[in-house]
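Using the sequences provided together with the hints, build the complete structure.
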Amino acid sequence: MRHISWIVTIPVALVAILFAISNRGIVTLSLWPLPFTLATPVYLATLVALVLGFLAGGFVVWNSQRRHRRRARREGNRVLYLERELKEAQARAAAAEKRLAESTRPVSGPVSGTLPGSALPAPVAENNAPTVH
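Residue numbers (my numbering): 76 to 208.
In short, the hints are calculated from the structure, not lab data. There's no promise every hint is true.
Beta-carbon label-pair distances, calculated as ranges [as the list claims (entries may be wrong)]:
1. Ile82 <-> Ala114: 32 to 42 Å
2. Ala114 <-> Asn138: 50 to 60 Å
3. Leu106 <-> Leu130: 54 to 64 Å
4. Ala166 <-> Val126: 36 to 46 Å
5. Gly100 <-> Arg146: 20 to 30 Å
6. Ile96 <-> Val154: 48 to 58 Å
7. Ile82 <-> Arg167: 52 to 62 Å
8. Val154 <-> Phe111: 50 to 60 Å
9. Ile92 <-> Ala114: 16 to 26 Å
Cβ coordinates follow ideal geometry from the N, Cα and C atoms, glycine included.
In structure tokens:
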């Protein structure tokens, strides 16, 4: 990218230098309602007008993009907020899983009323009557 900017900048600078060398005549500038006049070289008046036009155009473009910059800033802040909220939710979920694992883990040996090889309690039969098939 730096090379491209030099490829553009060098020819523009050469044209500006050649223009300044070729147009050294004096011109008088005045603004009608004001009593002031200014005698300046033609190249200086032209280059100043070009620079002022460039700056004015840049300001207009910058100002017209204000809405997009504001939206991008808002969206960036929202992304940061949601990422922080996600990390907090993940931390809460990890803590809850840890508490659940600690509460379901037997303290020592199998708990009475549990199935062998399982931490779940054995199903309790409410009705001991035989079933007919």
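Practice task
Tell me, in ascending order, the numbers of any earlier hints that this structure violates.
Solution key: 2, 3, 4, 5
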